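A.B. asks: Produce the complete structure using the sequences and hints provided.
First to last, the protein sequences are chains A and B.
Just so you know, my numbering puts 158 at position 158 of the first sequence, and the rest follows in order with no gaps.
Just so you know, my numbering puts 44 at position 44 of the second sequence, and the rest follows in order with no gaps.
Don't read these hints as lab results, they were simulated from the structure.
The following label-pair restraints were derived from C-beta to C-beta distances:
#, chain 1, residue 1, chain 2, residue 2, range
1, A, Ile47, B, Met1, 32 to 38 Å
2, B, Lys114, A, Gln94, 43 to 49 Å
3, B, Lys24, A, Gly11, 45 to 51 Å
4, B, Lys131, A, Lys78, 31 to 37 Å
Which stretches of chain B does chain A cover? Using the computed rule of at least three CB atoms under 8 Å from a CB of chain A, they are:
#, region
5, 27-38
6, 60-73
7, 92-104
Remember, predicted model here, so these are calculated numbers, not experimental data.
Glycine included, every Cβ here is placed at the ideal spot set by N, Cα and C.
Protein chains: 2
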Amino acid sequence: MAIYFITGNKGKYAEVKAVIPQVKQIKLDLPEIQEIDAKAIIKAKLIEALKHKKGEFIVEDTSLYLDCLNGLPGPLIKWFLQSIGNQGLYQLSQGYKNQKAQAMSIFGYARNSKQIKFFQGVIRGKIVKPKGSKGFGWDQIFQPQGFKKTFAQMEQVEKNHISMRRIALNSLKQYLIK
Amino acid sequence: MAIYFITGNKGKYAEVKAVIPQVKQIKLDLPEIQEIDAKAIIKAKLIEALKHKKGEFIVEDTSLYLDCLNGLPGPLIKWFLQSIGNQGLYQLSQGYKNQKAQAMSIFGYARNSKQIKFFQGVIRGKIVKPKGSKGFGWDQIFQPQGFKKTFAQMEQVEKNHISMRRIALNSLKQYLIK
Chain A
1 MAIYFITGNK
11 GKYAEVKAVI
21 PQVKQIKLDL
31 PEIQEIDAKA
41 IIKAKLIEAL
51 KHKKGEFIVE
61 DTSLYLDCLN
71 GLPGPLIKWF
81 LQSIGNQGLY
91 QLSQGYKNQK
101 AQAMSIFGYA
111 RNSKQIKFFQ
121 GVIRGKIVKP
131 KGSKGFGWDQ
141 IFQPQGFKKT
151 FAQMEQVEKN
161 HISMRRIALN
171 SLKQYLIK
Chain B
1 MAIYFITGNK
11 GKYAEVKAVI
21 PQVKQIKLDL
31 PEIQEIDAKA
41 IIKAKLIEAL
51 KHKKGEFIVE
61 DTSLYLDCLN
71 GLPGPLIKWF
81 LQSIGNQGLY
91 QLSQGYKNQK
101 AQAMSIFGYA
111 RNSKQIKFFQ
121 GVIRGKIVKP
131 KGSKGFGWDQ
141 IFQPQGFKKT
151 FAQMEQVEKN
161 HISMRRIALN
171 SLKQYLIK
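C.D. replies: What follows is the structure in structure tokens.
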């Protein structure tokens, strides 16, 4: 049976397909519930998807968590970007002594609503002044630990090597081939 | 026909009932969609409610909007309180030159999904160090313009006089008696 990756994002689909070839893209207009726990958001989407269609499903969330804000914005990152942008997020972090942050990707997988599995990848780093023009979202302000450049200053290949999404994806792949 | 106020909050229900006597409280477990626009959240709830039950419905949202964050947190306030609390919100605002904020209440009213009306009340003020023990939520850090105390330092009667919820409510009442 096909595994459906629920996403409207072509780039993410290509990344997943490259690692797990049996995956098919599906766009479902599922409501995103208001929650700060990424797993709860993913779970709600998977449960909705299972109501609509028979099959196996994958949902992904990648969010940015600032230490100084006790983990905010997390899955609320898109509203932060919409309201204050990368420059605003950088400025906000400057009001604190600690600019450390983590980027976390979580994949949720389900073939029925009672068995939902999560796979995650985490990269530590810090919030810096916006730099670079590659990537998207908050790539301009996230500088991974051990690097002197932001995600937006890296080539795709280089980014993939340290990507939190790749870590999570490999973990999902291991589960699926067992 | 009865007008149903969809809320689990007894205090809010009492406040609305006092101004609009024909209102009845109803608890519906409606999902809160992830949105930063309070009207979109209210609208989604009203449309869901109309699917469940015949009648007229009221949904209310009261949120805090910081100038320095271009309006954040808005309806995301509950996640800010959960993550960093009033002290954290105060500290965050201290990273900026401008601590001005507004408290906005919006009531949405609908008898069918094509005709949704909104009524709002806004109070300007600023974010201050947490003070007082009355009220709830972010009352401790919101000091209304022209006052030297926070909402949490005011008696209910005094707060009602300047309440953004009362302004919105009066406007809804005017609409209903026309």
